[in-house]
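Following the hints, position chain Z against chain V.
Protein sequences appear in the order of chains V and Z.
This note's numbering puts the first sequence at residues 7 to 166.
This note's numbering puts the second sequence at residues 27 to 316.
Read the hints as simulated data drawn from the structure, not as lab findings.
As the structure is a prediction and not an experimental result, all values here were calculated from the model.
Among these hints, one or two may not hold up.
[As the list claims (entries may be wrong)] With beta-carbon atoms standing in for the labels, derived distance ranges:
hint	chain 1	residue 1	chain 2	residue 2	range
1	V	E76	Z	G49	36 to 44 Å
2	V	D38	Z	G71	17 to 25 Å
3	Z	A292	V	N17	33 to 41 Å
4	V	L92	Z	D218	28 to 36 Å
C-beta: ideal position from N, C-alpha, C; glycine also.
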Amino acid sequence: MAKIRVETTINGDAAEFLCAGHQSLLEVLRDDLGMTGTKEGCTTGDCGACSVVVDGRLVPSCLVLAAEAEGRAVDTIEGVADGQKLTPVQQQFLEHGALQCGICTPGFIVAAEKLLEKNPDPTEEEARYYLAGNLCRCTGYDKIIKAVLDAAAVMREEPA
Amino acid sequence: MSAPVSRFEAPTEVEAAVALLAGEYGARVLAGGTDLLVQMRLGAGAPALFVDVKRIPRLSSVQLDSNGLKIGAAVSAAEIYENDSIRSLWPGLADATDLIGSTQIQGRATWSGNLCNASPAADSVPALIACNATAVIAGPKGERRVAVEEFTTGPGQTVLERGEFVVEFEVPAPAPHASDAYERLIPRTEMDIAVVGVGVAIELDDAGAVASARVVLGAVAPTAIRVPDAEAALAGSRLDDAALDAAAAASTAAANPIDDKRGTVAYRKKIAGVLTKRVAKTAYVRAQAR
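Extracted from the complex, chain Z is given alone in its bound form:
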């Protein structure tokens, strides 16, 4: 390990955490630790300072009102999935969160870690983007908001600057006839990294046709990506075959994956199309039911 002994601090206020993170180059945020500690073991070495943010009350809070959800960055995936209101208002986002790792990992993993680790294959990210979520960031210059869609700039890279960390997520309340869905394809049944992940949110108009859609692909580009052409293909439709085929083709075209042991470029592009159709249908049916 590069730092044989790490220090550990557990501040109870955001400002104190910012000061610790800004004050030391080797300081790292500890939320669930399910990426940080693994990377430590696999060669990155122990950080000089762990800043455990889980004792800051704001980071554990869950507030739901007519505007939507305001949720602390350190709330665990397990707690998110157990929340009946979150599951009913954002079922796709809840499903995506529940897919991360195992039951044990879920007891620790967080949206903020999933986002800040910035793996192209992160499961909660396409769903957060489909739901138009915003990350609230605290730092030395104060707080700022960044749409999750703009947060990741490349594999392992985010817009966070020195001393900054995510304190909350805001997810706007869905419109009356709107819902979302997320599915991924993995080689195994469970406990794997997405070969392709697709998150779709659909809002219906008063006549029951698609008023708007957000289609987001994960694991097929350096970051999660929206597919505007798929969204346009679905808009105004009732998810007839022509609209779905066009959306699938748009996702296949937009996907820009790599070849690796989990899948080839051609396979991932094809599956991006297949899942787009499947996930769009699920979101549509859920939107109709609301």
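So that you can see chain V by itself, here it is in the shape it has in the complex:
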């Protein structure tokens, strides 16, 4: 069966790939484009490890078909930092030690960036609810949430 040719934009750069109709965006990012920053945790949209942004909207890439990326803008964890310059969210994750195995981390960072873009001053409860779709088996979430709230403070140029 003929493959589908998709032209899209990933992290601001033009990209193209061939895919089968049933392949998810997650599969194509990881297996065909070698962009393994986005992780597979459950393939059923429950864990958030595959979080990406499509046309400005936070979505689970395991539940987006690769073919849907045609003409759309996809943003992944690989595009969060500006070269070697980390964002406040990334910096605070490091400073707080907000990861252990790190498998949930790309999804959390992509989601947290989106949270702070929409709500620059979230309460702890708002942050936890927004990030409820990102699961972590290692840390117990405490340092993750502190890192996100401190990153928000840094972005508002307040003392962390």
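Using the frame of chain V, we list chain Z on its own:
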């Protein structure tokens, strides 16, 4: 997977989508994919053809006027909840929509998928019914309208025939002193399936008493159900204890749930009553504020 390679089409017109869906037994509508793709992974196999309906402009449009809301079937839950007008006119329906899944799922999920998947526990459905919403269906014989209340016929079963799909929802504007509310009970704090969901819409008369109510239960029967006896109990009242107790008892009686890992029959019946009172009060207070 039963079909190792699926085809994918993204038509830009309703008629083209109908032709694709009618023309092939294995064709499935792709809106948000948050049920379809999960089912694919969990054993249903990949459809022969995905018909992505999100490129049809009508399915992404949101129109609000004095008659109410006309909204495309592919508008995401996130977009619905971010709409200040929808949140203010139908707060219960907005809340119900916002409860589906996670932020990521909300970026994809749609009312049409929630309805057509026809889970008895779908969160937006009781609220859509409470708000008297109608689904506009396109198919080989043209378009027809079906009240959301009549759309689902059993778990996983709807009135849709071959080649048909939902293109729009119509939600009538609430009366001047009317509002709605929705709450559900889940075992966790977030990210779970309703044990009981209750949607209530209340319209007040000029004196501030309940002119009419719509009470809808989810997750306690094969489909979402209205509770006429609860509605009658609330009508004419100012939500005094007797009226609320009668409404709760009616919901408990009407609930016809199953025992499963999330709750027993007895628990679900009791909670149906508890939530009916709570949700009715919220709807009443909101109606008074309008």
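Against the structure shown, which of the earlier numbered hints fail to hold, in ascending order? Of the numbered hints, 1 and 3 do not hold.
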